[in-house]
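Counting from 1, one number per residue, gives the positions in the sequence shown under our numbering.
Straight line, CA to CA, 25 Å or less: simulated SDA-like cross-link-like pairs of lysine to any residue: (1) Lys24 to Ala74; (2) Lys24 to Asp50; (3) Lys11 to Lys24; (4) Lys11 to Asp23; (5) Lys24 to Gln76; (6) Lys14 to Thr72.
Don't read these hints as lab results, they were simulated from the structure.
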Amino acid sequence: MLPEIGNVFSKLSKYPIEVTPGDKEALERFVTAMYDRSSSAADVHAARLDMFARKQRQYDAIPPTSLDCSITVAEQSLESALG
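Please model the entire structure based on the sequences and the hints provided.
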């Protein structure tokens with residue numbers, strides 16, 4: 001599905017954690033694909049607009065914002081680094 005995401009997850013499992021803008025873009029595409037595989041949106045904000053406004057999905061089925069994604073990535077990376 002997204003071949004580069006494996007490299008990003010591998011990179012996030014190492015310490016110190018470094019998330020590049022390219023990593024963030026790959027993670028956003030991954031989150032978007034997890035919620036709606038048919039979406040052509042490249043970022044979370046576009047996917048939210050598409051899913052909520054155009055497809056009239058329930059609000060709780062909409063992917064998190066990019067800030068939420070960044071926070072979740074940081075939390076998960078820290079947890080894995082601490083063991």
